[in-house]
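So the sequences go chain by chain: W and E. Heads up, the first sequence is in this note's numbering, so the first residue is 561 and it goes up one at a time. Heads up, the second sequence is in this note's numbering, so the first residue is 561 and it goes up one at a time.
Just so you know, not all the hints are guaranteed correct.
Any copy, or any two copies together, can satisfy a pair, since identical chains are not distinguished.
Below are the BS3-like pairs computed for lysine-lysine, each with C-alpha atoms no more than 27 angstroms apart in a straight line [what the hints assert, rightly or not]:
(1) Lys660 - Lys639
(2) Lys589 - Lys605
(3) Lys660 - Lys576
(4) Lys576 - Lys665
(5) Lys597 - Lys639
(6) Lys602 - Lys589
(7) Lys670 - Lys595
Note that these hints are calculated values from the structure, not bench results.
What follows is the residue order along each chain.
Number of protein chains: 2
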Amino acid sequence: MNLYDYIEEIPDFPVKGILFKDISLLLTKNEAVNKVKTDFLKLIKPYQVDLIGGLDARGFLFSTLIADALGVGSFMIRKEGKLPGGVISKEYELEYGVSKLSVKKNLDLKNKNIILIDDLLATGGTLRCAEDLISFSKGTVVSSLVVIELVALSGKDKLNSTVHSLLKYDT
Amino acid sequence: MNLYDYIEEIPDFPVKGILFKDISLLLTKNEAVNKVKTDFLKLIKPYQVDLIGGLDARGFLFSTLIADALGVGSFMIRKEGKLPGGVISKEYELEYGVSKLSVKKNLDLKNKNIILIDDLLATGGTLRCAEDLISFSKGTVVSSLVVIELVALSGKDKLNSTVHSLLKYDT
Numbered sequence: 561m562n563l564y565d566y567i568e569e570i571p572d573f574p575v576k577g578i579l580f581k582d583i584s585l586l587l588t589k590n591e592a593v594n595k596v597k598t599d600f601l602k603l604i605k606p607y608q609v610d611l612i613g614g615l616d617a618r619g620f621l622f623s624t625l626i627a628d629a630l631g632v633g634s635f636m637i638r639k640e641g642k643l644p645g646g647v648i649s650k651e652y653e654l655e656y657g658v659s660k661l662s663v664k665k666n667l668d669l670k671n672k673n674i675i676l677i678d679d680l681l682a683t684g685g686t687l688r689c690a691e692d693l694i695s696f697s698k699g700t701v702v703s704s705l706v707v708i709e710l711v712a713l714s715g716k717d718k719l720n721s722t723v724h725s726l727l728k729y730d731t
Numbered sequence: 561m562n563l564y565d566y567i568e569e570i571p572d573f574p575v576k577g578i579l580f581k582d583i584s585l586l587l588t589k590n591e592a593v594n595k596v597k598t599d600f601l602k603l604i605k606p607y608q609v610d611l612i613g614g615l616d617a618r619g620f621l622f623s624t625l626i627a628d629a630l631g632v633g634s635f636m637i638r639k640e641g642k643l644p645g646g647v648i649s650k651e652y653e654l655e656y657g658v659s660k661l662s663v664k665k666n667l668d669l670k671n672k673n674i675i676l677i678d679d680l681l682a683t684g685g686t687l688r689c690a691e692d693l694i695s696f697s698k699g700t701v702v703s704s705l706v707v708i709e710l711v712a713l714s715g716k717d718k719l720n721s722t723v724h725s726l727l728k729y730d731t
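Looking at chain W on its own, in the form it has when it is part of the complex:
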């Protein structure tokens, strides 16, 4: 099974000039999601993991799935205004604009080993912002997982943690 066969490339989304990599088809195929799960679990086997952080919103598709398979909990790292109650927030630049991420203030992340999950690594702005939020909360990001990596954008260079990706694209 070749996971690349399950990715649809869509030009000019969300803005002109971006060739968007869509995981919609992959999600509809159980064997493909199962392979993502198995591969993710293999990649993080070396780490002792306390919690999984899922990035809003496609990261949620995998964060509870992987957390449940590992027998740990997860939490949401959300865009501005989406989390209720007290939050810790940080602004970041992304491929096409500026945004803000938040985690709940009453999450106990101190001394916790955390794996971050998103569907895609582009410039690394989102994951770096998530790393900073965890670091501010005195947790440790032991690794990050993405299904797709746009290698030409060198997102890895921006991150403090090791990123593991399953599919690599030049553009």
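Got chain W sorted already, so can you dock chain E onto it with the hints?
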């Protein structure tokens, strides 16, 4: 284990007068997520299921988890502008405003038995909109699953499919 213990109630979110039910704490506890999974699987055991539809964004936390456990695929039902490529869209009213949901046009939902998943049922506007999108795509919603139901808002009455909820609140 009592799942109610894992729900945090937060006043005036997202707007004044709403007592928001937050699943953030529940997510951080593996035993609670596992109970949600087990209970959901029990509830849908009578149905023959082809696909799970997850509602943007907290539905995604459970859609792939349940789909993977059942050995089927899933798909995203997303808010406006979030899905790339051709989409089918429908407007709906929610507890506090108006919004729009979309599914990908190239999803093959025809004659498929579908379970919808969201974290919460309030007025039923979101799930009803999702039902209509599935029905327009010639699929069948055999049932819907939510973690939390705000029974006083009578969301069930608006829906065509049977909704199963794990936690019921009067306000």
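Cross-check of the supplied hints:
{"no.": "1", "hint": "Lys660 - Lys639", "result": "both (6 angstroms within a copy, 19 angstroms between copies)"}
{"no.": "2", "hint": "Lys589 - Lys605", "result": "both (25 angstroms within a copy, 20 angstroms between copies)"}
{"no.": "3", "hint": "Lys660 - Lys576", "result": "both (22 angstroms within a copy, 23 angstroms between copies)"}
{"no.": "4", "hint": "Lys576 - Lys665", "result": "between (37 angstroms within a copy, 21 angstroms between copies)"}
{"no.": "5", "hint": "Lys597 - Lys639", "result": "both (25 angstroms within a copy, 26 angstroms between copies)"}
{"no.": "6", "hint": "Lys602 - Lys589", "result": "both (20 angstroms within a copy, 23 angstroms between copies)"}
{"no.": "7", "hint": "Lys670 - Lys595", "result": "between (32 angstroms within a copy, 26 angstroms between copies)"}
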